[in-house]
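Taken in sequence, the protein lines are chains A and B.
Position 339 (the first sequence) corresponds to 339 in the working numbering; numbering is contiguous.
Position 14 (the second sequence) corresponds to 14 in the working numbering; numbering is contiguous.
It is possible that part of the hints are untrue.
[Claimed, not checked] Over 10 Å on every C-beta distance to chain B, these chain A residues come out as not near it, computed from the model: (1) Val33; (2) Gly37; (3) Cys138; (4) Asp227; (5) Glu313; (6) Leu355; (7) Lys381; (8) Ile397.
[What the hints assert, rightly or not] Interface residues of chain A toward chain B, partial, derived using beta-carbon atoms under 7 Å: (9) Lys115; (10) Leu129; (11) Pro162; (12) Asp194.
None of these hints come from the bench; they were simulated from the model.
Heads up, the beta-carbon is just placed ideally off N, CA and C, and yes, glycines get one too.
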Amino acid sequence: MVQYNFKKMTVVPNGKDFIDIILSRTQRQTPTVVHKGYAISRLRQFYMRKVKYTQQNFHEKLSTIVDEFPRLDDIHPFYGDLLHVLYNKDHYKLALGQINTARNLIGKISKDYVKLLKYGDSLYRCKCLKVAALGRMCTVIKRIGPSLAYLEQIRQHMARLPSIDPNTRTVLICGYPNVGKSSFINKITRADVDVQPYAFTTKSLFVGHTDYKYLRYQVIDTPGILDRPFEDRNIIEMCSITALAHLRAAVLFFLDISGSCGYSIAQQAALFHSIKSLFMNKPLIIVCNKTDLQPLDGISEEDKKLVAEMKSEAMKTVIGQGGEATNDDGVLLTMSTLTEEGVIAVKNAACERLLNQRVELKMKSKKINDCLNRFHVAMPKPRDNKERPPCIPQAVIEAKIKQAAEKEKRQTERDLENENGGAGVYSASLKKHYILANDEWKEDVMPEILDGHNVSDFVDPDILHRLEELEREEGLRQEEDGDDFEMDGLELTPEEKKTLAAIRKKKSLLIQEHRIKKSTAESRPIVPRKFDKDREFTTKRMGRQLSKLGIDPSRAIERARSRSVSRGRKRERSVDRGDNDGGDAMDVDTPNKKQRMLSRSHSRSRSRPPTEVAPGEGFKDSNQKAKALQKARKSNKNRNKDARRGEADRVIPTLKPKHLFSGKRSIGKTQRR
Amino acid sequence: MPQGDYIDLHRKRYGYRPDHFERKRKKEARLVHKRSETAQKALGIKGKMFAKKRYAEKALMKKTLIMHEESSTRRKVDDDVHEGSIPAYLIDRVYTTRAKILNNTIKQKRKEKAGKWDVPLPKVRPVAEDEMFKILRSGKRKTKQWKRMITKATFVGPGFTRKPPKYERFIRPSGLRFTKAHVTHPELKATFNLEIIGVKKNPNGQMYTSLGVLTKGTIIEVNVSELGLVTPAGKVVWGKYAQVTNNPEIDGCVNAVLLV
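Looking at chain B on its own, in the form it has when it is part of the complex:
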């Protein structure tokens, strides 16, 4: 039975076939043609996948080629003129600058007064009611149609209990309830899985906000204690606003962007 490195041992003892290297070289040369043949003949999904792979490879190849072509030569360096440097004959002139340096906090206060939020998605497609609700028939003869089931993703708080089923008008199915969101920090470019604390505002209407519906563009409040943010005063920040950037009922998850 072959033991240990039997392949290497055989090569050591008997060497390679007389035509081994030639065959190897020829096989590798043939591979090029075979690749081009598959590239031309592959159809359908296979073709698309192959084309994508090949495109990435080609881009990489081009980059490396360019890198190799870069030669380290010495070039003349132009002396840049520094900002703010002035010629000798202008040194003694006095200029007054008129600029308003506003404090950050003042800016914040102004914004709050105006009630405007600078959000990543300012405009959002409005969601119609028949898209949002599904009519459920109830009653002995199934003629009553006052119940509605919400077809979008929702958030209900941890202490949520349903109203008695006979009286509840809006049904939020438990399969569509989400508690966590994938929140991206726009500057760090990192995504964290954070708990949702509540729904702040749904752009489609106040009713949806109170129901807790999560659609694209909804502002939610998330628990950021993981990130370890601290206010200038020294207090730990544990809740921040984020805006939902996808359609959670289609993707099966809530993706949001943190509002900083």
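This is chain A alone, in the form it adopts within the complex:
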């Protein structure tokens, strides 16, 4: 099935641009360098290629133009006629014919000049022949410039034609100008057709879609038709006539019984009779619009007679289709698009009649038999005569009623606004529904900056809770510190206390640092620290630094040595551990303390869980923070595999590893290693 998608046609370039495009493409896509001294066959080939390439490009582009524009004889007669009405068929065909001839001419030129190029015996001669060939091709295109411009305009207009499928269910609306056709289509579909008080507001066909009985119907709005002889009709009216003539659709003939369109019922009836030949074999419905201004019963006698005549004509179409002759209401309907009464009825009537007609036709056709054989609608036989209506639980019904009542009772903000003077006068108090500990705080103004800091960085809903936790920890810590201060069984002097505090501070800093590079398999460098060539981090260094502070380093060195995860020390450690059970807690203070420190440091409670977002950190939610932490860890992984200490560590341990710089190969050459 051909899709009438005229929107997908490629743009037709104008003459000059066309030439520019093709010539610049030739220049870019074919080799450009040639010298006098090349072999003559190479020179000839070089220039022949250019000529042929240009011809091919022209051929391609002109062919796409000729192929994409629809052939008026090959498409549905509705579109063929519509395009003829809009853009004169002859002119259209001539333009396309010119493009075709241009394509052939260019082909001929290329052939001739390629033949001549075979006899070229110098660079200059070949070049001149190529220039002449390209020049002639471009002259041909220059000559068809006006045709190209015309086709481009047509293409732009065609792209804006409504995509009407001529074979599907269609409802066509026709009538005098200003009777209310566009308003009707605006009411039943989502088409946004312009509605204005002057005649001929709608200047072309518009299509909208509507649903009836789970099927989609096209509704086509046409420009108004005046009562004129056929030859005098202008292009706009011819559009509607074409639609009427070629589309198998249900026709809604609109009648303005109030006469506010500027035309009397007599004139409209005359129009009806002059185009009634177009209504053959189509379900016709006469719709009397604008009944809010003038009800159908209130019109004069002659007008009633005219309407009756029209109705009888319409009835003929019903009978002609083999429908019931009794269906009076299906033919003449009244409605008002302004008050929206009767609009749905009209739509339903039209869709119903169209559906019936189509179904009948399908049933009569030959194809239906093979379909009929394939499906069978099974109607279950009723068991008994008991009625079984749908079962709705009582609670649901009650809830529905309550909801409806609530909806009516509840006063919305909008109602409040309207009561108090409207949008510009009343500004709603957004803080009305705040949930706070003390209701008086609702109208308080919250500061944004305090003491040079952003208040929001420090806001935390659980702050009191956390403060408690922290204090609890601190409380524990205090006890511990107290213990420590009596470490050696005697109180420490203030200087010692100060130095102890300094040591503890430094230690906590280090611990925090280390916590960042958590000691897991990923983040711990797999390559051992044998590349610590400088051997900086020794216990001796630590001893020196501690003695600088004025403290005896010997115990610290011992502890560090015992703690280090080196193979030699494992046994010691386990021994230490094992001793714990039997040994005196008081006696072997160091390992016990160390253990406690270890366990403490490993399980030291944090004030926050790791993925919880602190206000000042800049994360949207904990997911984002978790992801960020993961990314940081991931970037560490590869670095650690290379035994690099950080991002900026570019140390190459050995600049000239031997296996890359020496040695013979068993097979092959040593040109690259």
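Based on these hints, arrange chain B on the given structure of chain A.
Relative to the frame of chain A, chain B by itself:
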């Protein structure tokens, strides 16, 4: 889906953006600067093409400006003295004029006797033989070099048949044979595509004339029945001489000027 004149409809309903006109004006003002930037920066073939276009535009602009500046003012008109008018005191004098009024036909006859033709291209660059002919080797061992291929455009009549290939010395390749010429009428300034009837004279030599070689300056006879010329006696002229004005083998076509 947007139907019909949806752009205009939108403009009708919602109007333009608040800054639409300002933006438009500014964009157009910026275009001037952009143009000058491209004019200064464009290099190579693009630059040359742009410069050419721009030059044509400027020339046109200047002309229109001058036209606008022309004002319709009233100027004094000098009374011209007519030719042949003489002052009153000289009216009665008698002058004898001595001029020879020669008949056109007499002129023609004289010319023919002299054998001179007044042609548009009196002098033409001579074409050397090695430029004209390409030597073709033939024979079993390709040692014989008596065949020649003509590298210029030629004209052979409609009844032309080649000599048997074994004996033909001058080969006129069919790709280089032309039957039609683009003939310009010097007074009408119009060009017509006319058939060549024959080669009258090639200035490079009599041999080339007999071979039918078309080079620059060759006099050819063309079929002018299209033009519908008539002799004073009433006969229809169907053949006229024309002179070739280009190098046909380089341009791929024969351009000639009609000799009237």
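So, going through the hints one by one against the coordinates:
1. Val33: holds, 15 Å
2. Gly37: holds, 19 Å
3. Cys138: holds, 13 Å
4. Asp227: holds, 25 Å
5. Glu313: The claim stands: Glu313 (chain A) keeps its Cβ more than 10 Å from every Cβ of chain B (closest is about 32 Å).
6. Leu355: The claim stands: Leu355 (chain A) keeps its Cβ more than 10 Å from every Cβ of chain B (closest is about 24 Å).
7. Lys381: holds, 48 Å
8. Ile397: holds, 43 Å
9. Lys115: Nearest chain B Cβ about 5 Å off; hint holds.
10. Leu129: holds, 6 Å
11. Pro162: holds, 4 Å
12. Asp194: holds, 6 Å
Of the numbered hints stated above, none is contradicted by the structure.
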